[in-house]
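Student: Protein chains in written order, with my numbering: chain F, 1 to 794; chain Y, 1 to 273.
Read the hints as simulated data drawn from the structure, not as lab findings.
Heads up, a few of these hints could be off.
Each computed SDA-like pair below joins lysine to any residue, with the alpha-carbon atoms no more than 25 Å apart [to be verified]:
{"id": "1", "chain 1": "F", "residue 1": "Lys715", "chain 2": "Y", "residue 2": "Ser84"}
{"id": "2", "chain 1": "F", "residue 1": "Lys216", "chain 2": "F", "residue 2": "Asp33"}
{"id": "3", "chain 1": "F", "residue 1": "Lys715", "chain 2": "Y", "residue 2": "Glu179"}
{"id": "4", "chain 1": "F", "residue 1": "Lys715", "chain 2": "Y", "residue 2": "Ala206"}
{"id": "5", "chain 1": "F", "residue 1": "Lys715", "chain 2": "Y", "residue 2": "Thr37"}
{"id": "6", "chain 1": "F", "residue 1": "Lys715", "chain 2": "Y", "residue 2": "Leu170"}
Note that this is a predicted model, so its numbers are computed, not measured.
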Amino acid sequence: MAAPTQPDSAIGGSARKRDGAALLTGRAVFVDDHQPTGMLHAQVVRSTVAHGRILSVDTAAAEAAPGVRLVLTGRRAAESAGPVPYFIDPAARGGNRTDIRCLQVDEVVYVGQPVAAVVAETRRQALDAAALVAVEYEVLPHVLDAEEAMLPDAPRLYPEWPGNVVMHNRYGTGDTDAALAAADVVVSGELRIGRSTTSPIEPRGYLASWNAAEGKLTVHASCQNPHQMRWMLATSLGLDEGDIRIVTAKVGGSFGLKMQGHPEETLVALLSILTGAPVKWIEDRRETLMAGARQQVHRFTVGAMADGRIVALVDDIVADVGALTAQAGWAMPNMSATTLPSGYLVPDCRIGLDIVVTNKPPVNAARGFGKDAAHFVMERAVDIVAHELGLDPAEVRRRNFIPADRFPHRTSTGLNIDSGDFVGLLDKVLDEVGYAGIRARQGGLRHRGRYLGVGLGFELTPESSDSPGTFVSGFDTTTVRMSVTGMVTVLTGVTSPGGGNDTGIAQIVATELGVPMEWVELVQGDTDRCPNGFGNFSGRSMVVGGGSATLAARDVRDKLALLGSRMLDVPVDRVEVADGVVRVVDDHSRALAVPDVARALLTRAFAVADGIEPVLESTRAYKPGNIDHVPDEFGRIQPYPTYSSSLHAAVVDVDVETGKVVLLDYVMAHDCGTMINPALVEGQARGAVAMGLGSALSEQLVFGEDGTLLSDRFKTYLLPRAGDVPELRMVHQVTPSPFTMHGNKGAGEAGVGGAQAAVANAVEDALAALGVRVRGVPLTPPAVLALIDEAAAR
Amino acid sequence: MTPRYSAPRDLVGVTAALADGDGVVVGGGTMVVPDMTHGRTRAAALVDLSRAGLAGVTAGADGVVVGAMTTYTDLVEAGVPLLSSVATGITGGPQIRNRGTAGGSACYANPASDVPACLVALDARMRLASAGGKREVPAAGFFLGGFRTARRPDEVLAEVVLPQLGNALLGYVKFKLAESSWPIVTAATVAVPGTALRVVVGGAAAVPVVVAVDRPSAGSGDPAWRDHVREAVHTALDAAEPWSDVLAPAAYRRRIAPAIAARSAAHALEEDR
Ligand SMILES: Cc1cc2nc3c(=O)[nH]c(=O)nc-3n(C[C@H](O)[C@H](O)[C@H](O)COP(=O)(O)OP(=O)(O)OC[C@H]3O[C@@H](n4cnc5c(N)ncnc54)[C@H](O)[C@@H]3O)c2cc1C
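Please model the entire structure based on the sequences and the hints provided.
Tutor: Structural data, given as structure tokens:
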């Protein structure tokens with residue numbers, strides 16, 4: 001943490017979000033705020049059947065409706081646009097693929113799949129006309145459950161595939177059979193993780209403006225990855241990348257959902273090209289809620305010795321990804337498998353994974369990126385081992401954690417954990433939550449009919465991933481440019497979904513450059529202005545955006561120092577740049593204002609800067625260490641530079657008459673290495689925990705038997721509100737990463753799986769006397785009551 | 001198609017506008033407007049009550065008269081028995097409490113809502129008006145099923161009359177899955193001294209269900225009394241049409257209804273106040 005004398009703008013200070021005032025006063029400009037002259041509105045006509053062949057699309061009535069400019073069918077769209085390229089192509093990983101279209105041509109595979117689009121002068125007209133598009137289907141049998149989809153006679157989503165499995169993979173090393181045979185206890189279980197979603201406050205939306213005269217396309221998008229989107233549109237629409245500009249400046253939350261690859265991205269651009277006018281499409285909340293974030297079934301077996309040491313882990317995962325998408329979401333379950341051994345010394349692991357398609361809307365990328373499922377399952381397994389051995393769950397964790405002096409440590413699944421102190425986190429969280437005191441109070445409360453439980457959840461969060469040959473990139477690029485007046489413009493390839501990395505990067509640049517933070521302007525999310533980059537995902541923005549900004553800022557600082565030293569007539573190693581001046585290290589009275597040095601270089605280059613290239617600008621890329629794509633003897637690669645860690649403790653009170661779980665207290669002990677801005681880290685962590693708590697207790701996407709989404713509003717898809725969540729208390733531990741610029745690790749994803757696990761373990765702890773065994777999330781009141789009844793019936 | 005719109009200045013104007021039977025009444029609009037936005041309600045004519053002078057709470061000889069346009073916020077301020085405390089707990093917060101009305105909620109007749117069972121518990125009388133005249137329907141006869149009431153399409157709910165309660169004690173408990181959820185099961189208890197408790201359970205069936213419950217002799221935690229409540233509630237529910245929605249199946253509602261009923265009785269008897 002920052003020393004108290006440091007300004008908030010220094011690295012480690014909690015500078016306020018730079019756009020906070022604009023956001024709070026409604027002055028921030030989001031995609032829906034753009035209203036170019038002549039703008040039209042698009043509406044998507046979506047499939048009403050879960051699986052079917054499109055027999056006909058009758059557009060006559062819609063075309064005749066007031067204000068309608070265009071009604072586009074899948075067939076016509078396919079004449080002008082090719083398939084949407086994959087963010088991560090399953091074929092490149094040995095899996096099955098299918099062409100993803102912006103509008104379906106022949107078949108639909110889920111309720112809600114785009115089949116046609118209407119463009120009209122107003123949104124209302126587009127909505128009304130969309131209802132007039134008559135699509136006739138030959139209804140085909142559908143399957144909504146992944147395990148049913150794996151049966152030999154199940155309906156097939158993609159007839160050209162051998163089944164409904166995108167890919168089957170195995171992970172882990174060692175001899176699990178021998179280890180299980182030698183174990184003192186062997187426990188097994190089945191866990192189901194329900195389908196929940198991300199729910200950003202701003203839904204997706206795109207505004208495409210085709211300039212026919214220049215042959216140029218500009219797209220304002222609520223999207224995380226502008227450069228990838230530019231490439232994708234160039235590919236699907238057959239345009240030159242240089243003729244496309246993507247602007248994603250303000251995004252109202254995305255959580256992975258707004259990674260590029262959605263059909264509407266190509267669609268809206270195509271609609272603009274075909275109508276020759278700007279076309280806007282803003283998603284309705286009902287459409288946003290179709291996107292899934294996770295849904296998995298795990299069947300696991302764990303072997304442990306009498307002292308609690310876990311010696312073997314076997315898990316078979318069935319991941320339901322809905323229909324296939326070009327977005328990155330289908331690939332998340334891979335991370336569920338590779339993260340499974342977590343921060344524990346589990347020598348032998350054997351994990352099988354089937355990624356399965358079903359007739360539901362796609363699972364899209366979501367905070368946690370599959371790692372959340374690993375933590376939920378592993379943390380449940382640890383608690384079950386503890387229960388079986390009669391040991392305290394905290395103690396079993398302590399005995400299994402990778403010791404702090406054993407890093408870097410390579411797990412059985414191949415991840416090379418950079419650093420950490422997991423026992424340290426455990427001690428902090430137990431102390432902060434008052435673990436011993438809760439244990440002491442439980443018995444007495446139980447006699448009075450109260451079911452109090454405490455649960456722990458450890459989370460290891462691999463971050464800043466790199467996947468070779470894809471747009472999942474482990475590096476990024478930043479330009480730092482100083483003007484003749486000394487003002488600094490930072491143009492970076494990472495984008496901000498609203499979490500505040502712009503503030504963090506400005507802090508880094510101000511600190512490295514030695515100028516006040518107010519001099520620093522940040523430009524993100526504009527492919528015409530920013531260097532080639534990859535946007536935000538995988539907790540990468542401060543690691544690679546911050547890292548590349550550091551390198552570029554240091555270049556500019558060095559140039560200022562060099563010229564400044566010459567103007568001050570001292571050797572360069574006797575000057576420093578700080579507080580907006582170039583000064584002599586041991587005589588601060590001899591100083592030149594940075595703007596004066598900048599002006600000297602840029603206006604008197606021949607007079608004062610002999611031999612110095614007169615440019616105050618640098619573009620640098622930063623590649624963190626610890627990424628290794630050369631497969632080892634077991635074929636494992638190491639795609640993550642940093643591993644954040646956290647330990648969560650939840651205290652719950654369960655109402656055994658209704659099954660309702662009330663959260664009484666929550667503590668997260670968090671270690672993301674050096675914190676560039678602790679307030680922003682905490683903001684991210686609280687959001688992730690709230691997301692985990694929601695998916696643990698109340699959030700659940702429910703589908704009817706016909707595949708229609710029933711929980712399509714916030715009165716039926718229950719996000720946690722302030723009254724559902726106690727104050728989320730944070731404790732920090734700082735174990736710097738040896739592999740990143742400032743020792744920082746990814747921060748922003750950690751919390752989803754830890755929260756799910758801590759709550760599930762707390763509920764089981766609360767109901768231990770009743771013999772309840774938790775089997776999944778969400779633990780809604782009906783689900784908890786069913787568990788109580790089931791235990792009573794045993 | 002844009003519906004015809006009128007905002008009559010008095011009750012006569014309202015009933016005239018509804019006479020054709022094809023009008024949709026707009027009270028506070030908190031349900032009907034979103035329903036139109038999403039295409040769930042299509043109206044030929046909209047009759048907006050906001051200017052018809054139907055808001056307000058007055059105390060009369062035969063009880064408290066609550067105008068149909070009285071908002072939840074008005075109810076809180078007027079201190080109407082039971083309804084005012086219910087109004088403070090409406091999930092939608094100030095926006096919904098400032099616009100939503102108890103009359104609108106009654107006419108909407110969502111089984112998963114607070115107002116219907118409360119009106120039945122209070123023995124309310126629903127005053128309906130049409131061009132043909134006025135009539136009064138007891139709340140217990142007003143709710144016919146999920147989203148179905150005794151109101152005819154040409155009628156407007158003008159007022160709700162709440163009879164004097166004397167020195168009865170009142171209790172109310174609402175159970176939700178989470179803060180944002182619709183009520184799942186509610187129970188309103190009216191405890192008139194010297195008589196059995198009258199508990200009206202909402203959300204557990206398609207209409208509010210009235211249950212007569214003996215007073216607990218050994219506290220509401222007494223297992224024997226709990227058994228009695230369970231039996232009484234289940235018997236009453238057996239005779240009613242079950243209710244399910246996406247949040248909770250009928251079996252769950254039935255399962256927890258006795259506990260909610262018992263808590264509401266305890267609340268009325270001030271055990272846990
Ligand atoms: C975010 C949110 C949270 C909510 N939380 C709760 C909650 O916690 N508990 C709860 O019980 N409810 C809750 N509600 C529902 C709320 O109680 C109702 O929306 C409100 O009471 C309806 O009143 P209104 O005047 O707005 O009705 P409107 O929307 O105007 O009308 C509803 C229906 O009744 C008809 N109607 C209205 N007034 C009359 C009348 N005088 N005569 C004849 N017909 C009429 C309309 O035609 C329509 O069919 C919530 C609603 C929202 C949007």
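Student: Take the hints in turn and mark each one as holding or not.
Tutor: So, going through the hints one by one against the coordinates:
1. F:Lys715 with Y:Ser84: Measuring from Cα to Cα gives roughly 23 Å; hence the hint holds.
2. F:Lys216 with F:Asp33: 22 Å, holds
3. F:Lys715 with Y:Glu179: 10 Å, holds
4. F:Lys715 with Y:Ala206: 19 Å, holds
5. F:Lys715 with Y:Thr37: Holds, at about 16 Å.
6. F:Lys715 with Y:Leu170: 28 Å, violated
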